[in-house]
Amino acid sequence: MENILEVRDLHISFHTYAGEVKAVRGINFEVKKGETVGIVGESGCGKSVTAQSIMKLLPQPPTQYKQGSILFSGQDLLKKSEKEMQKIRGNDIGMIFQDPMTSLNPTMKTGRQITESLIKHQGMSAGEAHKQAIELLKMVGIPQPDKRANQYPHEFSGGMRQRAMIAIALACRPKLLIADEPTTALDVTIQAQILELMKELQAKTGTSIIIITHDLGVVADMCDRVVVMYAGEVAETGTVDQIFYQPQHPYTKGLLKSVPRLDMRRNEPLAPIIGTPPDLLHPPVGCPFFARCEYAMEVCRSHKPELEEMGGNHQAACWLHHPLASNRKEGFAQ
Amino acid sequence: MQPETRLTADMFRPVTDNFKDAETIGRPSISYWADVWRRLRMNKLAMVGLVVIILLVLMAIIGPMISGYTYYKQDFTSKNLQPSAEHWFGTDSSGRDMFTRIWFGARISLFIGVAAAFIDFVLGVIYGGISGLKGGRVDNIMMRIAEVLYGIPYLLMVILLMVVMGPGLLTIIIAMTITGWIPMARLVRGQVLQLKEQEYVHAATALGADTKWILMKHIIPNTMGPILVNVTLTVPTAIFAEATLSFLGLGIPAPRASWGTMANDALVSLLIGNVYQLFIPGFFISLTMFAFNVLGDGMRDALDPRMRK
Amino acid sequence: MLRYTLQRLGWALLTLWVVVTLTFSLMHLIPGNPFAKEGNMPPGVFENLMKYYNLDQPLYVQYWLYLKSLLALDFGPSLKSSTITVNDYISEGFPVSLHLGLQALLIGVTLGIILGVIAALYHNRFPDYLSMILAIIGISVPNFILATVFINYVAVEWGWLPAATWGTWKHTILPSLALAAMPMAFIARLMRSSMLEVLSQDYIKTAKAKGLARNVVIIRHTLRNAILPVVTVLGIITANLVTGSFVIEHIFGIPGMGEMFVKGIFNRDYPVILGSTVFYSAILIFLIFLVDVMYTWIDPRIKVAGGSK
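Chains as they are written, first to last, in the working numbering: chain V, 475 to 808; chain Y, 54 to 362; chain P, -18 to 290.
This is chain V alone, in the form it adopts within the complex:
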């Protein structure tokens, strides 16, 4: 199937008073048409930066796109001018943000916030756009949409606001929807509703989705493929089944072990990953996960592992898969 989005060797840095923070350090992934890809990792691993860089929403400076490319429908977004990006944002790519309480303009009626992109990208008149906005509110499951369209965001609940956000993001039927932690700020029951809604709308419209999350439950529920990020790099990538049932990177394994599961024995302890991610002001020369890895070897300290093919498009960046590490790998496989 054709790739809607291809991110190739992307490097992003922030210039701060203390120096250059290398937030994203050479990541690769792609999103196919109609597919849902999850980007998971701890806070600060660069997943949000990656998501926002696709829309080029990060202010430059301090952000600098050092190298690489972001190919959307074959065109490199990093080479596009701001004007050209404005035609793509909201039209070809939609975005949903983490906190629905702060993502809507408090002094603008909700309907108006939806019509903005319809008028801009689809050339609708204000009247047509308003009708379409009511349709969209109905589509995302907001009752009494004609009344709701004339209300301000503060009259909506959190879940309703996130539905409105989805309506805004999908207003122009974008080819790609980027959801940056779309359910993190919501109650668990509402989370499930929002995820259901996204799946339902994807089935209807065929949109590709990128979900940025630290919640493996969301990944398992929604995604076809997963990109596990650590310290601005891709640690492992594969299908949901590959990642959940045959994790090939100690970090992925650690993530899975640190999440409570229903099939756990009663007294079975959770296994958190100890320590903190490395400082990206001074990224380590070797494997970035070295300092927290229980399978660490001498080589990891000084040599950075590359992403290696594990079979079936499943890739991991870990020295354990090197032929010379075969005896160590046995301990990992258990």
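Don't read these hints as lab results, they were simulated from the structure. Just so you know, not all the hints are guaranteed correct.
Stated by the list, open to error - With the Cβ distance kept under 7 Å, some of the chain V side facing chain Y (calculated, not the full set):
no.	residue
1	Met771
2	Glu772
3	Leu798
To be verified - Short derived list, chain Y residues pointing at chain P, Cβ under 8 Å:
no.	residue
4	Ile205
5	Leu214
6	Val217
7	Phe293
8	Gly302
9	Leu303
10	Phe343
Just so it is clear, CB atoms sit at the ideal spot from N, CA and C, and this is done for glycine as well.
Mind docking chains Y and P on chain V? Use the hints.
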């Protein structure tokens, strides 16, 4: 990126000391106030303000003594002299040495500013503290009272008080603090309420949390910062209010002088072209206002945790 | 909405009552009777005082009758002449002061907002520094200095505009600018920080993610939200303009209400000071009430909350 050939089997031996790094890695942690100070120091304008304030205070202390003139000695043989080697800032319409008077005035103006800020601070902390700590009805009533008082036009009341009490250093300070404490009280109350919230939070989570750490990391920075900024910004407000009052003839009685009364006295000389008599005190009022304002702004920026990068 | 308006009106009336009571008490606290019959009083003045303040009645009756005459919009007599009342001063001077004040307000708010927006949009670049230097000068230099600089250079030395008095629109320019400087600086700084705050909000990111052009994001999504804090300080700004007008009208010799008030202060014309203070307070308190109500139109969130601060 390293060529495969350089990898040897030996390099694939396990390491166990790697976890130690996990704790030490990361940038060296800087204490909150050290960080605030670092950010304040990077703010050149604020530093200029700080230096100016220090110089003004120093000159207020020694300035009146170094010229050899007194602030009150009138010499009608040397009236309205332009600045010269003899009289560095010239003389006024009564032949008094302006240099000495400026630094004597600096004492009065700075004293009024600092005293007003200090009294506002004390009253504000007491009123706001009681209001916030008592909470409930008491808080409600106290804040309603403050709201009504705050609605009273401040300088009008000050003028009225000055008229009633007669001019003088003490009356100026009293008049100025009569409503000046209210913003501080509101601020302190807000901080105290927040502090109480925090206590509930760590009562709930206290099982493992270190109270001292929470106090150092959250409560003190959040409480002290805005109060300090407010105090710093009260000083120029008071100095300006005093200057305005003096300008309306409600200032310090002669022969003593503040910068405001000197500017007011100079209005008469302006007609005969002695602009310097107005501009010199005017310059020092402006300089002081500038210094305290940029320092206060710089402190606010330095204290704002959102500015932390 | 209506409930909120009535509630605010109630607070305004309460504040006004406190002001009136305070001024009344203060006048009776003055050592020696400010309304005593003096030898140099013009004929008929003491009789007017007696009639208005009912000095022969017990204090509570005086207070009651005073409130009643205020309700009838009678602000009392003057010591200067038996035929001039504070109401005369108001009808004569207030239109002039209102003209000056509104013009200064318009200039201050417009320029302040423009400067603040420019500063925020060019954050940490040259236009930002330039705007903020202007703003810092605006808050540092007292209006009486600015006014004398204007008169001395723009009017006298260069002769571009008339130096004093009131008449054509040309006469209004210098005093309006001198009066507008402080509010302009204040609003510019407020608008800048408010814009920066709003620009960092998530909903601005949402707006950008819709593909809206930068100008649309700024005008439609940023300005309206950023201007809210400016609306809340309009009351303070106006109070500042009123006290500023005392100084400015005095320096420029403008026959406004402020100049009459200042003359009243210089002459210790207590009934005029009293009457003017009450009149000014009423105007300011009413304006603050208007601003509060206006705020509910602009910020849709207030309606439901019922006036949270």
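Tested hints:
Against a cut-off of 7 Å between C-beta atoms, the interface hint on Met771 (chain V) holds, since the closest Cβ of chain Y lies about 5 Å away. Taking 7 Å as the C-beta contact cut-off toward chain Y, the hint placing Glu772 (chain V) at the interface holds, the least distance being around 5 Å. Using the Cβ-Cβ criterion of 7 Å, the hint placing Leu798 (chain V) at the interface with chain Y is satisfied: the shortest such distance is roughly 5 Å. A hinted interface residue such as Ile205 (chain Y) counts as satisfied when its beta carbon comes closer than 8 Å to some beta carbon of chain P; here the least separation is about 5 Å, so the hint holds.
Given the 8 Å rule on beta carbons, the hint for Leu214 (chain Y) holds: about 7 Å separates it from the nearest Cβ of chain P. The interface hint given for Val217 (chain Y) is met, as the beta carbon of that residue sits about 5 Å from the closest beta carbon of chain P, less than 8 Å. A hinted interface residue such as Phe293 (chain Y) counts as satisfied when its beta carbon comes closer than 8 Å to some beta carbon of chain P; here the least separation is about 6 Å, so the hint holds. A least Cβ separation of about 5 Å between Gly302 (chain Y) and chain P falls short of the 8 Å threshold, and the interface hint therefore holds.
For Leu303 (chain Y), the interface hint holds, the least distance from its beta-carbon to any beta-carbon of chain P being 7 Å, beneath 8 Å. A hinted interface residue such as Phe343 (chain Y) counts as satisfied when its beta carbon comes closer than 8 Å to some beta carbon of chain P; here the least separation is about 4 Å, so the hint holds.
The structure meets every hint from the earlier list without exception.
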